[in-house]
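**Q** Start from the sequences and build out the full structure, keeping to the hints where you can.
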Amino acid sequence: MVSFKDKLAWLEARGASPGAPTPAVERASPDAAPRTAPEQESANARASTLDALRTAIRDMESREERRTRRAATLNETPEPLPGRCEETPHGPLHIVETALEPHHAHGRVPVARLLEARPETLAKLALDDRIATVDPRRVLFLDLETTGLHGGTGTLPFLIGVAWFEDESLRLEQLVLPRPGGEGPMLRFLRDRIARASGVVTFNGKSFDWPLVRTRYVMNRLVPPELPPHLDVLHCARRVWKRRIGETRLVTLEREVLGHYREDDVPSASIPTVYLEYLRTGRLGRLAGVIEHNGHDLVAMAAILARLAELFDAGAEEHDEPLDLLALAEVAVRAKDPERALALSRASAEADAQGATGAAALLLHARSSVVRVTSKARARP
Amino acid sequence: MDAPEHSFTAPRREPWTAPRGLEAVLDAWERDRGFRRSFALDELRAGQPAEHAPLPTDLAPGVRRALEARGLRELYVHQAESYEHVRAGRDVVIATPTASGKSLCYNLPILDALAKDPEARALYLFPTKALSRDQEHALREWMNECGVPHGAITFDGDTPGDARRAARERSGIVLTNPDMLHAGILPHHANWARLFSNLRYVVIDELHMYRGVFGSHLANVIRRLERIAHFHGSKPQFVFASATIGNPAEHAGRMLGRDVALVDRNGAPAGPRRVLLYNPPVVNAELGIRASYLKSTVRIAGDLVREGVSTLVFGQSRNGVETMLKYLRDRLASDGIDPSTIHAYRGGYLPETRRNIEAGLRDGTIRCVVATNALELGIDIGSLDAVVCAGYPGTVAALWQRFGRSGRRGGLSAAILVASSMPLDQFVAGEPWYVLGAPVEEARIDPTNVEILIQHLKCAAFELPFAAGDTFGDVTPEQVADAMGYLERHAVVHRGMGPGGTEMFHWAADAYPANHVSLRSATWDNFVIIDLDGDRTIAEMDWRSTHTMLHEQAIYQHEGEQYQVERLDYENRKAFIRKVKPDYYTTALTHTHVNVLEENERETVRFDGGHAIRAGHGDVSVVEKVVGFKKIKFHTHENVGYGDVHLPDMQMHTSAFWLVFPESLIETLPHARPVVIDALRSLANAMHTVAAAGLMIDPRDLGRTIGDHKDEGAPPSKGVGGAPGFDPTLFLYDSIAGGIGLAPRLFDERETLLVRTRRLVERCGCEDGCPVCLGPTAGVEVPGTVPVRRRRVVLDLLDTLAVPASH
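Order-wise, the sequence lines are chains A and B.
All the letters of the first sequence, read from the start, carry residue numbers 2 to 382 under the working numbering.
All the letters of the second sequence, read from the start, carry residue numbers 3 to 809 under the working numbering.
Since the hints were made in silico from the structure, they are not lab data.
The structure displayed is predicted, hence computed values, not measured ones.
Each hint can be trusted.
Subject to a maximum C-alpha distance of 25 Å in a straight line, what follows is the list of computed SDA-like cross-link-like pairs (lysine to any residue):
id: 1; chain 1: A; residue 1: K207; chain 2: B; residue 2: D160
id: 2; chain 1: A; residue 1: K6; chain 2: B; residue 2: G487
id: 3; chain 1: B; residue 1: K576; chain 2: B; residue 2: D651
id: 4; chain 1: B; residue 1: K627; chain 2: B; residue 2: T589
id: 5; chain 1: A; residue 1: K6; chain 2: B; residue 2: M506
id: 6; chain 1: A; residue 1: K6; chain 2: B; residue 2: E505
id: 7; chain 1: A; residue 1: K207; chain 2: B; residue 2: G186
id: 8; chain 1: A; residue 1: K6; chain 2: B; residue 2: N602
id: 9; chain 1: A; residue 1: K6; chain 2: B; residue 2: S623
id: 10; chain 1: A; residue 1: K6; chain 2: B; residue 2: E480
id: 11; chain 1: A; residue 1: K6; chain 2: B; residue 2: H518
id: 12; chain 1: A; residue 1: K6; chain 2: B; residue 2: D484
id: 13; chain 1: B; residue 1: K581; chain 2: B; residue 2: I557
**A** Here is the structure:
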């Protein structure tokens, strides 16, 4: 009987790993794979063919192994992760800490402006009444970098970034996973941070980050934290800017809304590879760049939320986009705030007195007036 | 049907003298001598009375009340037996015929368990979405009646978001299909913690469907499921239900990786049944062409329906079903039968439509249903008076399952097979007893097929890291370690140290492996065939057959029409064809080269007084290449042209069975060597037919070629007809990469195989070779010799071996 190991070797020799992603490890040249064996007439021809095949496979395997060993050697003394390492009862915790200046601005928007936002405004932007209990001074911003975007139990968050305000200053804590299987300390740390927060703010966290976080607790046999009210900035931003800007990815909004341009950013698509390479080789490569990327994401989501709240409450400045104001007015309608709907639609109509947006705004304005009158009538005894 | 306005014009009947209904139809057929001649088989199978057992005494009161409210004061013996096994904590497989009340076998103990434990959960797997929906419906009714508060929710691609959450959080029974479990549930098992931590039962219905590649995949999905359940702290019990197959306990045991209790004593009653096989008469002896089996089916079904016999017609394809439906309606319209009483039934119908048809059949407003095999599965249409199968469904098990749809508890029923001109059908028609009288075929899977296993180990590593020493079902720790090494080298898992210094393998790749693994790989890589006139898709063809049947310039035959392939878009899996009226057809010239890598077993085959040959089986590499095609003139079979074909090689490792005919034997025959080699090819063709029938497999799952056992490194272009000094070898190999265990079975049956092949060659009604027996001729002519009939040469060869015609 052909052994299981030999069969695996055949699979390997054929270069077929059906459905596998292209291995990052360089493969032995196809020439090494046995294609045809020498023709022989002797009775043991078959046996020698098989021997030839095996030898070729062994050669190839040992070459592969050498490469793996080299990687393994590097693994033993990997380059030290950035930040500080804290020993916890459950293993090491790698943490990168940053404190921003109180007046730090991301592009045009000072981050601390979020502290002025009223919880009710945030609740209206999110169309979620529970957010009204959230104190902006105690929100926790959360963003993950992962080994893939597919979700599921095999996707690993290798970088958990959180941020919160200490007085006027935004503090960042980024937890780096030293190796798969070492998630315990960071998950416990995150649980503490969440327990202290009045709310969690993410960008696309409702469908991606939070389910993944929950999964990691289950996989590590830890009790998942109780999630306080959760505001997903992506949903709020989409309602307001989708029509004008088109797509609402974080970096796009950062550019269009905040006027911030990243330099030397690690593109999201290559982030998984950076970490997987680190695991294989022990070399940090662009890992520092990934940490910076994650930091930018945290700050950007705070700034975008601050900007949204500001627009909603104040509205009507010289340079405000009429389309944004109209969209905000629509949010106000959905959030059952006819006063703001009226103000925002009027501002929109004024900003675009001639155009189609202005016309739509006028229509909305008229409808909002009716709503306001009737709700006032109803409010009267 | 008996509308008053017809009563004056209808032919006069004397109901008190003439037999009515089914018996009248059967009588009429018997009186029609021309028609009667075409029945290759006609037999009466006796019925059986019901065997009952009392309701279990420990049933939850609500469940008992529900049963009694439905008038069930006792069970059939198989239902009671299943209940006992499940209650005793055993894994069990229930193998009883269609419509014997199988669902209750698993529903009863599970409803009982849910009634007693509000936290208990069960997972039901069905091969199709339609079946889960039907069962969901039925289960909910049961749960209501039993007062069990747990929900039952189908979770598949069509389940809306809210219901998905409910399925995860609250549902007592989740119904799904293997594909969804594989790609949608297991990789997200953390979201299903509530289900998995309380999972008590896994029900796998229609077990007989999971054979070959699909079955081998499912066995691995089960290994993953057990691993995940274990992680969440449960150890579910498995209940399998199967239509009749030859080896239910073995099959279920192999599926699960451990022994399974068997319930196969059927207690459901059955009336007597006439079993008939109709082989349409030959209309062109030279080409061996028979009358259309679709039209024959329509005639038979028409006779039945006209007499008010409720009839179910099975077709092989959607097209066939549509054609028969139209013919049947046209035929019966002239008898004043309302077309709406004849219905089609295929996969893809909405549940409501299907339920209307089911209800119509039960209350008699629908008298005939023409169905694809969507109805083969356990859908509830009650029983009918007659079943007509247009074409042999490929296996005895599937045939009996279709036949099982007919049968009144008391009266007579009929089951009729109409043979098509396909080789397998004609083989069945030639030896109906071999097939219909045979024990039902066995289902085989090979969960250790390395190509399949490695894919599921990847999925499993994604779901949960492996620790050194872990097993995977019955895969040993050493093999798991080897596989992890392989995956590590391919950079999809990361080796590291876990708690306590255990070596751990974590998934470490930016991929979702389940998305790359299709459980039903057979239908995965099909080519679509597009008719350029009319610009529509008329058929699909599997990847392998495409090479030989859809190369450019090939004549493709479809429903009796000829088309030429104008362009084959290999990249996009499309073939563009146009209708033509050629006076020739094409056959592809394929070079298949089999290279034996390792011989697992070898035996000498020697019949009394015959020459010995050697049989063996083992692992091989197969390279197939279509190099060209021949144009063969209709009627004269002249070779009227050649063409080249440029298509990529097909290469795989698989397992093969072979027979080595020593050179010394070839020399003893009084024929030229090329003629003998050609005869070996013909022999291989016949043996292929016999093997496919015997193993109950699709003939395409088996490949064949003649090669030389010693000549391993020879390039494929080297013919075997020429030089002496070789030992020609006949190979039959598993067409599925890695093999699913067909070769060792053929090796075990090697003598029977030769005997039955001889019988086929001797008894085939064709002139000198048809697709059933000897296959198309290679057209070997040796100058200066008198041409010999191929059948003669093949029989001479078998005589030299002294292969008898019966065992």
